[in-house]
Each structure stands twice: as structure tokens, then as C-alpha cells.
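Undergrad: Below are the chains, spelled out letter by letter.
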Amino acid sequence: MMSRTLKLLAAALLAAAVTGCGTTVTRMSSSEVVDLSGEWNDTDSRLVSEEMIQDALSRAWLETSTRQLKRPPVVIVGEVRNLSHEHINTNTFVSDLERALINSGRVEFVASKTERGGVREERKDQDINATEETRKASGREFGADFMLSGTINTIYDVEGRTQIRFYQVDLTLISMVDNRKVWIGQKKIKKEVKRASVRL
Amino acid sequence: MAVDRPVGRRHSPAAAPPPGRWRRAALILLVPWLAAGCATFSDSMSPIERDMSAGRYDAALATLEKQSHASRDEVLYQLNKGMLLRMQGDYAASNDAFDVAKKLMSVYYATSVSETTSSFIINDATRAYAGEEFEQVLVDVYKALNYLALGTLDDARVEVLQSEVKLREVAERLKSSHYTDDALARYIAGMIYEQEGEWSDALISYRKAYEAYKKEKVYARIGIPPFLKRDLLRLTQREGLTDENEKYRKEFGIDQWTSADDLARSGEVVFILNNGLAPILREQAKSVYDPVSNIAVKIALPYYQSRPMSVARVEISAGGASAASAVVEDIDTIARDSLDAKMPAIVARAVARQVVKVLAARKAQQAAAHSSNNRDNAALAGLIVGLAMNIANVATERADTRSWTTLPREVQIARLPLAPGQYDVQAKLYDASGGLIATRTFSNLKLQAGDKNYISLSWMPSQLPEPRRSP
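Note that the protein sequences, when read in sequence, are chains A and B.
In this text, residue positions in the first sequence follow my numbering: the first is 46, and each later residue adds one.
In this text, residue positions in the second sequence follow my numbering: the first is 95, and each later residue adds one.
Rather than coming from a laboratory, the hints here were simulated on the basis of the structure.
Wrong hints could be hidden among the right ones.
Unchecked claim - Below, simulated DMTMM-like cross-link-like pairs (lysine to aspartate or glutamate); rule was C-alpha separation at most 25 Å, straight line:
id : chain 1 : residue 1 : chain 2 : residue 2
1  : A       : K235      : B       : E209
2  : B       : K160      : A       : E237
3  : B       : K546      : A       : E84
4  : A       : K233      : B       : E209
5  : A       : K226      : B       : D193
6  : B       : K451      : A       : E84
7  : A       : K181      : B       : E266
8  : A       : K232      : B       : E292
9  : B       : K197      : A       : E108
10 : A       : K232      : B       : E491
11 : B       : K197      : A       : E96
12 : B       : K302      : A       : E237
13 : A       : K226      : B       : E292
14 : A       : K233      : B       : E290
15 : A       : K239      : B       : E290
16 : A       : K232      : B       : D249
17 : A       : K235      : B       : D525
18 : A       : K181      : B       : E292
19 : B       : K436      : A       : E204
20 : B       : K457      : A       : D87
21 : A       : K226      : A       : E96
22 : A       : K236      : B       : E263
23 : A       : K239      : B       : E263
24 : A       : K239      : B       : D193
25 : A       : K239      : B       : E292
26 : A       : K158      : B       : D193
27 : A       : K236      : B       : D248
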């Protein structure tokens, strides 16, 4: 039957057309630069963490504090406040920095305010459920020597369809003993974003 | 009827139907399109608004989600969805919807080539809706208010910064005697900066709000809210701006206000009333004479229909203290003003469109009449073609009645400073003659020193008028 063949052919074509409209996924390297909207993206985050890691490990605070403490300094991550024009996830570069510093073996970190809640709960649970030998007692946490905090600020300059976006990320290490600032890392990023005047 | 033919000879899998079928197909396609042309966009909001005015926000949301909408109306869909989610108290989901709307607004900011053409040939409603300027500012404001309700002050601050960029753009784009600054956006910005401890930024925002209330035509009716006067006095005092403080004292006739330090020691309840609904666009036909082509054309123009509002003022009270509300934003007036500003361009586009259509109809009529040898047939053919063209013109000439109708008609704010603690806050809603309409209680609000607790209420009269036909 000819009409049946045709129907099948039509169905096959339709199926092909439908799959053609589906989602496409292309994997790419995390270091590839793709700017879509001009807003803060992974590339900005990476630029910040690269700069901060390099700076934090090469400055005097590390050597000085290691000498004074006679052990690697212990840091806690405080809040990185977003005072910019965009909703920015600051966790990405902060954890990049944290990881690089820990891996260098020269700085140690203690769990942050949000992380330690879960740990403490687990410790309480151990009090009841864990064996005597493996139980970890409360009140033996390590007090951090420094707190890492920071801000993201932006300046936007707009003229017609052109925007200049200037981001400044400041990270500060503050001594828990006496509020001294021992290190300030800074990264500035400037972008020109031109909005389309015509679309199809 | 399927006709069996060898496959090899067939090039396209889609069999070409006989001519009669095409005609039928064309008719089938045309009918719903014409029928859809008869109802304007704003009519489709009626069932949703009925649920809203009865306080059934979930039903309204369900109806909105069920209704099909063209992709060019996606911004409006998301704006209405965000507003309904907000009324339900789902602030996070509301912000997700507003986010989608904001992204699309910035895409549609660019002029579309194809849409400009279709809006010239068909009508303005074929363009993607990017939101009026005041609507674009108010998305930021409502997003900020959502974040404040969620208690994430820094996120609210981000929205405030974005609204400031937007306002700069609006002032640059509109450059006219109409709406160019938004007092509510400035005032919310001031409150957020002050809560963040950014005193100078707060003062600048309060000052801008003050200037907008004073100078912008759209705020003439409501004047300067009393709490803004105290904000200006408090901050100029804190910043040591004695001359400016003196100036405000004389102007407002106020000698006493809570100092910044005292305010920082107490908490504050900020009550926001979304009162009524924003005006809705309706369509009216108008005959206009075009002197250039010497043709009188009938065009469809949008006009705003205001909606009633039952609440005149609100009094909030807790722990023995009370505060009265004041109007901070008059969206009804702003919307009307922004339509007034655009009306000359809307009329010009509609007239040009109709003149072209009329001329085309005449040409077609003449061509049809000349194409036949028989005189009777010629006249008939001309008549039919002319009629068909006219029907098409009437059916396609529609006003663009799209607007963000779930916005309130006006916004009122009441601020009540309270000592730190836990409170049940009562809001009493009064009508214009002082009669109590309703009382709402917000239980167990926790207040810390220097903290602000934002509570919102949407209120609309239980009966909204049905769409009025063209006058």
C-alpha cells in the first residue's frame, strides 16, 4: 500500500524535525571564555581566583604569621558581601582560593559558620551513638587566626546602548586577635557591553 | 482521497492537495485568527482579575498559566505571574518570574526589524511587549521588595542599583516633561541604603525622591509623604548638613524627629499596601482625517480605564504605637501620563497604516474591476475584492491594549518604629469616609535593633468593572 509507505515516511520526517528542535549540549573546557550577556560569569570568577591565589601565596603575611605562630596560619571564611549591580555568586572564587591555599600546605582552614552547624550536630549525634574510642568530644574546635572577608563593588557607566561595567573585588584577611588587616587582595575587571540596537 | 501513485515520481512527501483544499485550509486558518482579533489582550485578564479581587490568588495563577499566550506577550505573562506569586507570599518564585521578564525586556529593548514591519502592516500589538518605562522600573522595585520580605538585604540592594541604572536610561530616553524619575524606586533605595548604614547614599536617594515628589507632574496629586520629610531631617542632621537641615525644617514646619541613633536602637515595621489595580487599556475607534492623502480613516486607539479602589488609608498598630499610611506611588497617573506621552506616535503610526491599507484596497478594487470584460462581472469583482480588503482592514486594525495590569493602582507605605521584640502588627483599612473596611493581623513579627521588617498586603475591591465596550 503506497499511502502507508508515505505515512511512514512523513512520520519519520516529522520525528527528525522534532529531534532537530531539541536541546543541544556542547561540552567545553572550563577555561574557555564565552561572554553571553555581559554579566558576571565564570570567566570573571576565574580571573578573580587566579589573581587572589597568586597574590595570597606570595605576600609577606604568610611568612610573618607562620613565623609568629610557629605553625601554618588558620583561616575562616567570613562573608564576601555583594555590593554590586548584579546578583553574583561569590562562593565560586572563594572556594577556589580556599582550595589553592589548603593544597599549598601553608595555610589551613576551619569550617565556616554555615558548614560547622552540620559538623556540630554530627558531634552531638556521636555523643549518643558512636563508640567510646571513636567519639569526638565537643569544645575542641580550632579557633581561626584570621578571617577572610570581602566585597564586590561595581561602577556602571551608561551612555545610550553602551555600558562600561567596572568590577572591583576586594578580599581582606583580618587578624582575629587584634583586627589588623594582614592582606588585601584586589582584582579589577572592566568590560564594555554594547546592547544590540536591532534584532530580527 | 489518497491517490496511489508510484513513489519514485513523488518528490515531496507532503501531497499537494487540490486547489479546493487549499482554500478550505486557508479559511480554517483565517477564522480563528479573525476571531482572536475581536478580543483585545486586556479582555483576557478579566477572569484572572475576578479571582484576584476575591482573594483567590492561586486560582488566578492557575487561570493565567492555563491561558495560552503568544511569545511576544511573554514579558507580560511573567510580570503577571510574578505579581500573583507575590500576592500568594511566594517571594522567591515571584522573583524567578520577574527575572525572566527582566531578561526579555532587555532583549526586546532592541528594535526588531520584522516586528516593526508587521506592526506597520497589521497593528502595534504584533510587536513583542518590552514593557513601558515605568513598568521596567517597577519590576526592579518589586524584586527589591520581594528580597526585603525574604530578609536578604544585600540582594535587595542589587535590585536598587539596577533600578538606578534603569532610571538613568529612562531619563535619557524620555527627556520630556513627562515621567522621568520614579519616587518610589528612590524612596525604597533610600530605606535600603539607610539600613545598610550607607548614610550618604541614603540621603542622596531620599533627596531624589523628594525632588521627584516635588517636581514631577505625576506626583503632584500625592505630595511629599510625611515620613520622607522626617527621613530628610534625620539624615541631614546625622551628616551634619546644617543649612540643608534648616531649609527642610522651615519648608516642612517640623521641629521634632527621631534621630538616626535612636532609630538604630529600635526596629521598624514597614507596611506596604498595594491598593487596587493599575488602569487597564481598552480600545476605542476614532475617525481621523489625513490631510496628506486626503483620506478619512478609522483607527483603533488605546485608552486607560481606571479601576476603583476602596481603601483610602491604613493605620498600623503594635505595642501601643501606631502609624498612618501615605501614598508613595500613583501608578494610575503614571500609566496615563506615559500613554499621553506616546499618543502622538501611536496615532501617527495608526493613520499611516490605515492610509496605506485604504489606498491598497482602492488599487485592488480597481484592478479587479478592470480585469473582467463583462461590465457586471467587473463591478461585482471590484465590490468583492474591496469588501474583502475592508474586512481585513477592520479585523486587523486593533489597538495595543497590553499593559501590566496586576500592578496596584497606588502604593501606600506606613512606617512604625518599635523597640526590639516580638509583635503582632494590626493593619486597619479605612475607606474615604473613615469607615473601617477590614482588619488584618500579622502575627509574631520579630524585630531586632536597627532591623526593618517589611510586610505587604494587596487589597482590591471585590467588584471590578467588566470591560467597557468602545464608547
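Undergrad: Does each hint fit the structure? Answer for all of them.
TA: Comparing the hints with the structure gives:
1. A/K235 with B/E209: violated, 34 Å
2. B/K160 with A/E237: violated, 41 Å
3. B/K546 with A/E84: violated, 30 Å
4. A/K233 with B/E209: Judged against 25 Å, a Cα distance of about 40 Å means the pair is violated.
5. A/K226 with B/D193: Since the Cα atoms of A/K226 and B/D193 sit roughly 38 Å apart, the hinted pair is violated (cutoff 25 Å).
6. B/K451 with A/E84: With a Cα-Cα distance of about 44 Å, the restraint between B/K451 and A/E84 is violated, given a limit of 25 Å.
7. A/K181 with B/E266: violated, 64 Å
8. A/K232 with B/E292: holds, 23 Å
9. B/K197 with A/E108: Given pair B/K197, A/E108 is violated - Cα atoms ~48 Å apart, limit 25 Å.
10. A/K232 with B/E491: violated, 56 Å
11. B/K197 with A/E96: violated, 31 Å
12. B/K302 with A/E237: Violated, at about 28 Å.
13. A/K226 with B/E292: Roughly 22 Å between the alpha carbons, so the hint for A/K226 and B/E292 holds.
14. A/K233 with B/E290: holds, 24 Å
15. A/K239 with B/E290: violated, 32 Å
16. A/K232 with B/D249: holds, 22 Å
17. A/K235 with B/D525: violated, 53 Å
18. A/K181 with B/E292: Violated - the C-alpha atoms of B/E292 and A/K181 are around 44 Å apart, more than 25 Å.
19. B/K436 with A/E204: With Cα atoms ~23 Å apart, B/K436 and A/E204 stay inside 25 Å; holds.
20. B/K457 with A/D87: Answer violated: B/K457 to A/D87 is near 59 Å, above 25 Å.
21. A/K226 with A/E96: holds, 19 Å
22. A/K236 with B/E263: The hint holds at about 19 Å.
23. A/K239 with B/E263: holds, 14 Å
24. A/K239 with B/D193: holds, 21 Å
25. A/K239 with B/E292: This hinted pair is violated, its Cα atoms lying about 31 Å apart.
26. A/K158 with B/D193: With a Cα-Cα distance of about 30 Å, the restraint between A/K158 and B/D193 is violated, given a limit of 25 Å.
27. A/K236 with B/D248: holds, 23 Å
In terms of the numbered hints stated before, the structure departs from hints 1, 2, 3, 4, 5, 6, 7, 9, 10, 11, 12, 15, 17, 18, 20, 25 and 26, listed from lowest to highest.
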